[in-house]
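**Student:** Chain by chain, the residues:
Protein chains: 2
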Amino acid sequence: MVIASAPGKVTLFGEHAVVYGEPAIVMAINKRAYVEVNLRNDSKIRVIAPDIVIKGVVLTFDQNIFSVESEVASARSELSYIVKAIELIAKNYGVFKGADIRVWSEMPVGAGLGTSAAITIATIKAYSEATGLDLDKKSIAVLGWQTEREVQGTASPMDTSIATYGGIIQVQPLNNDINIERLKVPMKLPIIIGYVSREYKTKDMVAKVRLLKEKYGNIINPIISAIGQVSRKARISLESGDLKEVGELMNINHGLLEALGVSTKQLNDMVYAARKAGAIGAKLTGAGGGGCIIALTLEKHESVSLAIKSVGAQTLESDISEKGVLIE
Amino acid sequence: MVIASAPGKVTLFGEHAVVYGEPAIVMAINKRAYVEVNLRNDSKIRVIAPDIVIKGVVLTFDQNIFSVESEVASARSELSYIVKAIELIAKNYGVFKGADIRVWSEMPVGAGLGTSAAITIATIKAYSEATGLDLDKKSIAVLGWQTEREVQGTASPMDTSIATYGGIIQVQPLNNDINIERLKVPMKLPIIIGYVSREYKTKDMVAKVRLLKEKYGNIINPIISAIGQVSRKARISLESGDLKEVGELMNINHGLLEALGVSTKQLNDMVYAARKAGAIGAKLTGAGGGGCIIALTLEKHESVSLAIKSVGAQTLESDISEKGVLIE
Numbered sequence: 001m002v003i004a005s006a007p008g009k010v011t012l013f014g015e016h017a018v019v020y021g022e023p024a025i026v027m028a029i030n031k032r033a034y035v036e037v038n039l040r041n042d043s044k045i046r047v048i049a050p051d052i053v054i055k056g057v058v059l060t061f062d063q064n065i066f067s068v069e070s071e072v073a074s075a076r077s078e079l080s081y082i083v084k085a086i087e088l089i090a091k092n093y094g095v096f097k098g099a100d101i102r103v104w105s106e107m108p109v110g111a112g113l114g115t116s117a118a119i120t121i122a123t124i125k126a127y128s129e130a131t132g133l134d135l136d137k138k139s140i141a142v143l144g145w146q147t148e149r150e151v152q153g154t155a156s157p158m159d160t161s162i163a164t165y166g167g168i169i170q171v172q173p174l175n176n177d178i179n180i181e182r183l184k185v186p187m188k189l190p191i192i193i194g195y196v197s198r199e200y201k202t203k204d205m206v207a208k209v210r211l212l213k214e215k216y217g218n219i220i221n222p223i224i225s226a227i228g229q230v231s232r233k234a235r236i237s238l239e240s241g242d243l244k245e246v247g248e249l250m251n252i253n254h255g256l257l258e259a260l261g262v263s264t265k266q267l268n269d270m271v272y273a274a275r276k277a278g279a280i281g282a283k284l285t286g287a288g289g290g291g292c293i294i295a296l297t298l299e300k301h302e303s304v305s306l307a308i309k310s311v312g313a314q315t316l317e318s319d320i321s322e323k324g325v326l327i328e
Numbered sequence: 001m002v003i004a005s006a007p008g009k010v011t012l013f014g015e016h017a018v019v020y021g022e023p024a025i026v027m028a029i030n031k032r033a034y035v036e037v038n039l040r041n042d043s044k045i046r047v048i049a050p051d052i053v054i055k056g057v058v059l060t061f062d063q064n065i066f067s068v069e070s071e072v073a074s075a076r077s078e079l080s081y082i083v084k085a086i087e088l089i090a091k092n093y094g095v096f097k098g099a100d101i102r103v104w105s106e107m108p109v110g111a112g113l114g115t116s117a118a119i120t121i122a123t124i125k126a127y128s129e130a131t132g133l134d135l136d137k138k139s140i141a142v143l144g145w146q147t148e149r150e151v152q153g154t155a156s157p158m159d160t161s162i163a164t165y166g167g168i169i170q171v172q173p174l175n176n177d178i179n180i181e182r183l184k185v186p187m188k189l190p191i192i193i194g195y196v197s198r199e200y201k202t203k204d205m206v207a208k209v210r211l212l213k214e215k216y217g218n219i220i221n222p223i224i225s226a227i228g229q230v231s232r233k234a235r236i237s238l239e240s241g242d243l244k245e246v247g248e249l250m251n252i253n254h255g256l257l258e259a260l261g262v263s264t265k266q267l268n269d270m271v272y273a274a275r276k277a278g279a280i281g282a283k284l285t286g287a288g289g290g291g292c293i294i295a296l297t298l299e300k301h302e303s304v305s306l307a308i309k310s311v312g313a314q315t316l317e318s319d320i321s322e323k324g325v326l327i328e
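Chains A and B are the protein sequences, given in the same order. Sequential numbering of the first sequence, starting at 1, is according to our numbering. Sequential numbering of the second sequence, starting at 1, is according to our numbering.
Treat the hints with caution; some may be incorrect.
Claimed, not checked - Straight-line C-alpha distance at most 27 Å; calculated DSS-like pairs for lysine-lysine:
#, chain 1, residue 1, chain 2, residue 2
1, A, K276, B, K215
2, A, K265, A, K203
3, B, K215, A, K244
4, A, K208, B, K233
5, B, K97, B, K188
6, B, K215, A, K188
7, A, K276, B, K276
8, B, K213, A, K244
9, A, K188, A, K233
Simulated from the structure, these hints should not be mistaken for laboratory data.
Okay, chain A solo, but in the shape it has when bound (with noise of 0.2 Å):
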């Protein structure tokens, strides 16, 4: 038996520009996906996710027939990940070995926190290690990254390259390679993460700022190039410590986002409920669409999580996780 489990993730600046090749600026949250891969004796992939949704899947992968026990859309589709790595791995590396999969997870699905990634990239360490492969982390985040973009038709690197590595990274897409760099980061960061039910798809929502980015490519080539160089800008004031200006930066990225037409009333009550009550700067994080929000907090973690909350969100509060991918 082996059990993988690698962070969730939040944005902290370049959300959609990144899919145009500016820098982003994601950082693992202590909060965690799990799984656990026990070889079999046959050919078969059995996956069970008792956390991942309510009633009980189980999924079978049997001479390339793919069948689940289940109605809900969204665990199969967060079970797609999971098949599509271990296809993958035995694509790629010719290594295929049937088991029992297990997976739970302390973030909620489709929230837009990188559990996908997460259960990926776990996936991938954890059927890697019991098979006896084995791969590095840049090896790990590229078959993740090709795993959702297998799955999702596209994808940016972000959510598999943090969930390999933790920490806070800049990412930034080169050709087909990922240039992932470290940051050094002097300080706690103190967040609350909002969420509330996803009202679109990232998938609809980057098609939709795709749309806009072709129909007003003047207007809209030049806020992504704004977004860009505030991903730049918060790199120097995260390493210089400098939380004032971090905040600064989240409100005025928030407000890019608002004009590629990705946030919500429900996600702009939760940033400016956080702000109210203390907040040094908040923003929509992820793809929009619903989701979550982020707010840096520095003494009022209570209040913000209260304010939150009383626009009817729930919260998870969290910090920066060093840890990526690992073996527990």
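Chain A is already provided as a structure; the job is to place chain B on it using the hints.
**Tutor:** Frame of chain A; chain B shown alone:
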């Protein structure tokens, strides 16, 4: 007795960016300010503004001494435009006669609808007419802008230009001159104005953007350019009658203003309420920090108006006013 009137305005696109040389698009609304001038036989200036404030205000200007029989600060600030306009006419044209001046307005004072500019321009028109000066519109606009600059320290030429010319104009500052182009808009432009009391003054919001620009030039300069691009594209959309695009561009412009830090929770509440009720675009208008939003509505006037009221605001319905300053 001479009565002149001038329209209020809403900024459709480009507020704040116009301070830094970008074009803005401003629309005269069919709500007006009125100024009545009755020449006196002495050299006293007596101003009565029954509608501007609840309490009657009597202001006297005699031997260069300006005295107000009211403690209402906002009324005094409106009235200082009248006094300054008359002072500048005396200075620039050598014309001075005592007068009783009565002022009233169909717009709320201090909401950002250009009431002070409308009063200034109507004052210049009525007073110059009464004293036999024959000022053309360009001279009135220049004198009005000078009046606002001297009262406020700095001022954009937008409000005084639109109060002079009416219609929809593109305004762009050019050295010390005002470049004004009239737009040919082939349709009606029905808007709902939502307004709440201002939390901050225009001056404070302009200063806030300037500080942000000084601190984060690499980020704020592209945002200001992007707002300029929104105005340029919106001009094309307006002149070609594409209201759907006008609405989309309003939404983008709102986000960019949010990024400049000039929106508030109440403004966002109004904007999102209007969009949800069927407005095809909505944005804050003017300096922000409270004040007004505009929502472009094709058919759902009633539901958009109700939705804006439901978040605690008041509303005005309007359309383009083709009439600039005129003698009633």
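**Student:** Confirm or reject each hint.
**Tutor:** So, going through the hints one by one against the coordinates:
With a CA separation close to 23 Å, the supplied pair K276(A) and K215(B) stays within the 27 Å bound. Proposed proximity of K265(A) and K203(A) is supported: the alpha carbons are some 20 Å apart, at most 27 Å. Restraint check for K215(B) and K244(A): the C-alpha separation of about 12 Å stays at or below 27 Å, so the hint holds. Note on K208(A) and K233(B): the hinted pairing holds, with a Cα-Cα distance of about 19 Å set against a maximum of 27 Å.
Under the criterion of a C-alpha separation no larger than 27 Å, the hint pairing K97(B) with K188(B) is inconsistent with the structure, at around 42 Å. With a CA separation close to 24 Å, the supplied pair K215(B) and K188(A) stays within the 27 Å bound. Distance restraint check for K276(A) and K276(B): the Cα-Cα separation of roughly 24 Å lies within the 27 Å cut-off, and the hinted pair is therefore satisfied. This hinted pair checks out: K213(B) and K244(A) have alpha carbons roughly 16 Å apart, not beyond 27 Å.
Using a Cα cut-off of 27 Å, the hinted pair K188(A) and K233(A) holds, with the two alpha carbons roughly 19 Å apart.
Checked against the numbered hints above, the structure violates only hint 5.
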